[in-house]
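Let chain A serve as the given structure and place chain B on it in line with the hints.
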Amino acid sequence: DVKVTQSSRYLVKRTGEKVFLECVQDMDHENMFWYRQDPGLGLRLIYFSYDVKMKEKGDIPEGYSVSREKKERFSLILESASTNQTSMYLCASSLRGGNQPQHFGDGTRLSIL
Amino acid sequence: GQSLEQPSEVTAVEGAIVQINCTYQTSGFYGLSWYQQHDGGAPTFLSYNALDGLEETGRFSSFLSRSDSYGYLLLQELQMKDSASYFCAVRDKGGATNKLIFGTGTLLAVQP
Numbered sequence: 001d002v003k004v005t006q007s008s009r010y011l012v013k014r015t016g017e018k019v020f021l022e023c024v025q026d027m028d029h030e031n032m033f034w035y036r037q038d039p040g041l042g043l044r045l046i047y048f049s050y051d052v053k054m055k056e057k058g059d060i061p062e063g064y065s066v067s068r069e070k071k072e073r074f075s076l077i078l079e080s081a082s083t084n085q086t087s088m089y090l091c092a093s094s095l096r097g098g099n100q101p102q103h104f105g106d107g108t109r110l111s112i113l
Numbered sequence: 001g002q003s004l005e006q007p008s009e010v011t012a013v014e015g016a017i018v019q020i021n022c023t024y025q026t027s028g029f030y031g032l033s034w035y036q037q038h039d040g041g042a043p044t045f046l047s048y049n050a051l052d053g054l055e056e057t058g059r060f061s062s063f064l065s066r067s068d069s070y071g072y073l074l075l076q077e078l079q080m081k082d083s084a085s086y087f088c089a090v091r092d093k094g095g096a097t098n099k100l101i102f103g104t105g106t107l108l109a110v111q112p
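Same order as they appear, the protein sequences are chains A and B.
First residue of the first sequence? That's 1 in my numbering, and the numbers climb one at a time after it.
First residue of the second sequence? That's 1 in my numbering, and the numbers climb one at a time after it.
Just chain A, with the same shape it has in the complex (with noise of 0.2 Å):
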């Protein structure tokens, strides 16, 4: 079975922090991604990877950055972080192909005060 582990289930973290969410997977999959969930809005696309070092912009990377240094570890990185990035954060793995299904972590629902 594909175990995709996030760092932190609960995190509470001050206005203007940096903070750091990690993400490890166990089947050397090729992309990683990072969404965010809202109620209402569904699952948003922060950022994916699909090779080591590589990374791309998903639809609402504004105030977030990612690291990839290694083929099992996808991070997400809030530069300041701000009262509207509370949310539940996602990570996903999945194997390389269109086809390929994407395997959830946990979940880390982050608090900003």
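These are computed hints drawn from the structure, not numbers from a lab.
Any given hint might turn out to be false.
If you want the footprint, here are the derived chain A segments under chain B, 3+ residues with CB under 8 Å [stated by the list, open to error]:
1) 43-53
2) 93-107
Between beta-carbon pairs, the in silico distance windows are [stated by the list, open to error]:
3) A:G63 - B:Q79: 38 to 48 Å
4) B:E14 - A:K18: 25 to 35 Å
5) B:P112 - A:G16: 46 to 56 Å
6) B:A50 - A:S80: 40 to 50 Å
7) A:G98 - B:G40: 26 to 36 Å
8) B:R66 - A:E17: 38 to 48 Å
9) A:E17 - B:G94: 33 to 43 Å
10) B:S27 - A:G16: 32 to 42 Å
Because the structure is a prediction, the values reported are computed rather than measured.
Glycine is no exception: its CB is placed at the ideal position from the N, C-alpha and C atoms.
For chain B alone, coordinates are given in the frame of chain A:
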């Protein structure tokens, strides 16, 4: 713009059949996926349709009509454990990418 529309809530009784519709308007279309998410859990993959027609996997089936920009998820013999949110998602780019655009989700409540 890109948009996917699905009902926000559906209610059905145990043992019944329910259909969750999804209409999409995207710049490109290469496939329609369905994901299930239980409250507090991770989304899990259910199905993927790239071509028109019906795909069946056990109690769940998924249908696609590309000419109508429309698909649906059909759940048969509903069980209480099927209570969850269901998301349709469009793959809008070709090639090797499986980047998806997700709908806003349908909350299915199964009643005894």
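Each hint tested on the structure:
{"no.": "1", "hint": "43-53", "in the structure": "holds (count 5)"}
{"no.": "2", "hint": "93-107", "in the structure": "holds (count 13)"}
{"no.": "3", "hint": "A:G63 - B:Q79: 38 to 48 Å", "in the structure": "holds (41 Å)"}
{"no.": "4", "hint": "B:E14 - A:K18: 25 to 35 Å", "in the structure": "violated (49 Å)"}
{"no.": "5", "hint": "B:P112 - A:G16: 46 to 56 Å", "in the structure": "holds (49 Å)"}
{"no.": "6", "hint": "B:A50 - A:S80: 40 to 50 Å", "in the structure": "holds (41 Å)"}
{"no.": "7", "hint": "A:G98 - B:G40: 26 to 36 Å", "in the structure": "holds (30 Å)"}
{"no.": "8", "hint": "B:R66 - A:E17: 38 to 48 Å", "in the structure": "holds (46 Å)"}
{"no.": "9", "hint": "A:E17 - B:G94: 33 to 43 Å", "in the structure": "holds (40 Å)"}
{"no.": "10", "hint": "B:S27 - A:G16: 32 to 42 Å", "in the structure": "holds (37 Å)"}
When each numbered hint is compared with the structure, a violation occurs for hint 4 only.
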